[in-house]
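Chains as they are written, first to last, in the working numbering: chain V, 1 to 283; chain F, 1001 to 1102; chain P, 2001 to 2271.
In case anyone wonders, no lab produced these hints; they're calculated from the structure.
Every value quoted in this text rests on a predicted model; they were computed, and no experiment measured them.
Some clues are possibly wrong.
Restraint ranges, calculated between C-beta atoms of paired labels, are given here [claimed, not checked]:
id : chain 1 : residue 1 : chain 2 : residue 2 : range
1  : F       : Arg1003   : P       : Ala2042   : 53 to 63 Å
2  : P       : Gln2084   : V       : Arg275    : 28 to 38 Å
3  : V       : Ala265    : P       : Ser2160   : 36 to 46 Å
4  : F       : Arg1039   : V       : Ala46     : 42 to 52 Å
5  : P       : Gln2084   : V       : Ala266    : 34 to 44 Å
Note that the Cβ used here is the ideal one computed from N, Cα and C, for glycine as well.
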Amino acid sequence: MDAQDLLHRTSFIELGARSRARQLLDDGSFRELIDPFERMVSPWLARQGIVAQADDGVVVAKGTLGGQPAVVLAIEGAFQGGSVGEVSAAKIAGALELAAQDNRKGVPTRALIVFETGGVRLQEANLGLAGIAEIHAGIVDLRRYQPVVGIAAGTVGCYGGMSIAAGLCSYLIVTRETRIGLNGPAVIEQEAGVAEFDSRDRPLIWSLTGGEQRYRTGLADVLVEDDVEQIRSEAIDCFRKGRPPACRSECVSRYLHRLAQFDPAAQVTAEQVARIYGEGFEP
Amino acid sequence: MERIALEFDAAMPARGRSLAGVVGSGDLEVLMEANTSARTVVNITTSVDGFRNVWEAVLTRMLGQGDLPAVRIEINDFGATPGVVRMRIAQAFEALAATPGV
Amino acid sequence: MNARDTSARGATWLAALIHGAPLRSGFPPSVRVADAKLDRHAARYIAVVPDPANPYARARNGEVGLVEAWQIARAVRDVVDADQERGEKRAIVAIVDVTSQAYGRLEEAYGIHQALAGAADAYANARLEGHPVIGLIVGRAMSGAFLAHGYQANRLIALSDPQVMVHAMSKESAARVTQRTVAELEALTASIAPMAYDIESYASLGLLWMLLKLARPDTPTPADLHEVEQALIGAYEDIRRDASRSLAGRLRAGGRAASVRVREKLRAQWN
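All chains, please: the whole structure from these sequences, using the hints.
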C-alpha cells in the first residue's frame, strides 16, 4: 500500500450512517425512508432527560446495489453508542420484513446492514431487546430468498444482541479497526472480574475480538481496508455469490466438533482459536 | 436537559431543507427547513443546562443581522462548543442553498 | 468471586411437564432435552440448567455458554430434520430460566455471539418451517441467553412471580453502564415500563401471550401444573390457527405504538 493508494481512498469509518448508506448504494439511487424530518423519535428518551436524535440513530435507505433493488440499514454509532431502542429496532426489523415480502412477490430486494452498535439501548431495555429479537427473525426470514450482508467497520464495533444479528448474516465484511463481541469489555470486567477481562487492555481486546482475528477464525467472511469503494464492491460481490452452501449460524456440527478439540480450563489465546477454528472448514 | 426557543428577523423564506451533524458527544444535530414567514425560529434541546445566554449570543451573531433565509431550525445538542454549533449551522445553510429547487 | 444464586426452576418445570419421559442422551448436563406429549401432540422440551461441574467455568449457573447454545441449536434442528416429510410438525417448548449469557474471555474468543446466533437461527428456522415454538418463562430470561433460547417463539408465556425477570442487563451492570446509581435506575423504572425489572411491567409491553399467577412456581402444585399445561395447549392451538409464522402477533396487544407506527410508515414509503 503506497501513498498514492492512500490518497485515493475514502475512509468509510469516518463517515456517519447517512453518508455510509449513500456511498454504498449505486450513485444517485439513495432514497431515505422515515427521514429525520418526520421526527420519528424515541418515545422514551426525553422523559429521562436524554436528547433524542431525529432518526433515532438508524438510516433506512432504499436504492439499488449493483443494479439490484436493495435496502441499506445503517446504524449511527455516534448517537448513544449506536445502541438500539424501540424505533431504531423497528426501522431495521420492519425493513427486513418488507424486503422478505418483496421477495415473496418476486422482487429480489436484498438488505445490507451496517453494524456500528453497542447492542440494546439500556434506556429502553426490554423494547430494545424485543426489537432485536425481531431483527433476528427478519434476517432469518429474508435470508431464505437473498443473502443478508453485514458490514462491521468501526470504531464503535458490534456488540450485544446486534453481534448475534451479525452472526446470522449470510456474509460479514469487517475491517481491522472493528471489534465484534457479545459482551463489551467493561461488562465482562463488571460481571467476571478484571482478571477475566481487563477492559483497558486494548491489545488483548483486538487480538481476541478485532476484525482481523474474526476473519482469521472464520467468524467473518471478508477483511477489507477502510475504503468506501472496496467495501461497496465486496458487498456487491457477496450478493452476487448468492446464498452460501450453509450460513455460519447453521453449521452446528462444525462448531460443536471444534469446541471439543481443546481444554476449556486452559487460558485461551488468539493463536489457539485460530488453530481450532481456522483450518479447512467443511460444513 | 433544557429547551430553548429563539426567534430572529430573516430575509426571504428559504426553499428546501437540510440536515447537519449528529447527536453525538460534543456534537449536535441541526434540522433546517424553510419557514413560511420572514422569521427564523430556532428550537434547541440541549443536554447541558444553564447556557441559555451562550446560545443566545452564538445564534444572535449568526442570525441577528436578519439577512439569511428564513428557516425553522431544530437543534438537538449533546454538549457541542460554540465553534461546533457555528460549524453545523453553517453546514446546514450551505446544504440548504445546494438543495435542488423544490 | 461473585456468588450466584442458581435456580432450579428450569429443571423443575421440565421434569413436571414431561411426566417421566426420559431425557435424550448425548446432550451435556446443562442442556436437558426430552420428547414428550403436549396434550395429544408430540413435543420436544428444551431447558438450560445449572451444572456446577461444567468444564466451562463461566457457564456453571444456568448461563447459556458456547456449548449450551450450539447444543440447543442441535436439539432444535434434529426435530426439524426428523419432521421434514411430516405434515404435522412437532411443537418445541423452550423452558426459559437463563440467568444470562456466559461472560468470559474464552467465550468472547470463541465467538459466543456466533453460538447464540446458532441457537436463535435454529428456533427461527423451526418456526418458519411450521413447528409451533412456545417459550415458557419460569425464571430469568436475560439478554443474549433469551435471544438464543425462547425469544424466537411464536408465543411467549410467563409466570407472574418476583423471580421471573426479562431484561437486557443486570441492575448493577446497567447502572454502571448508564452512569447512574442502582437507586436512580430503580426510580426511573417506576415510570418507564421497558426499563423495569418486574414481569408485570414486561407484560404491559404486549410481548407475552399469557401471564400466569400460580400458587407455587418453585414447586408446582398439581393445579399449577395443570394451569401451565392448559396455557401451553392454548398457545399451541393459537399457533396452529394462525396463518402467519412470524412474530407479528407481538405487535397486536398494544404497548408498542411506535413499533407499529414505524412499520406503517415504512410500508407506506416503500415503493
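Going down the list of hints, with the structure as the test:
Restraint check, Arg1003 of chain F to Ala2042 of chain P: a C-beta distance of roughly 60 Å satisfies the suggested window 53 to 63 Å. With their beta carbons about 36 Å apart, Gln2084 of chain P and Arg275 of chain V fall inside the hinted range of 28 to 38 Å. For Ala265 of chain V and Ser2160 of chain P, the hinted distance range of 36 to 46 Å is satisfied, since their beta carbons lie about 40 Å from each other. The hinted range of 42 to 52 Å is not satisfied by Arg1039 of chain F and Ala46 of chain V, whose Cβ atoms lie roughly 26 Å apart.
A hinted range of 34 to 44 Å for the beta carbons of Gln2084 of chain P and Ala266 of chain V is consistent with their spacing of about 40 Å.
Of the numbered hints listed earlier, the single one contradicted by the structure is hint 4.
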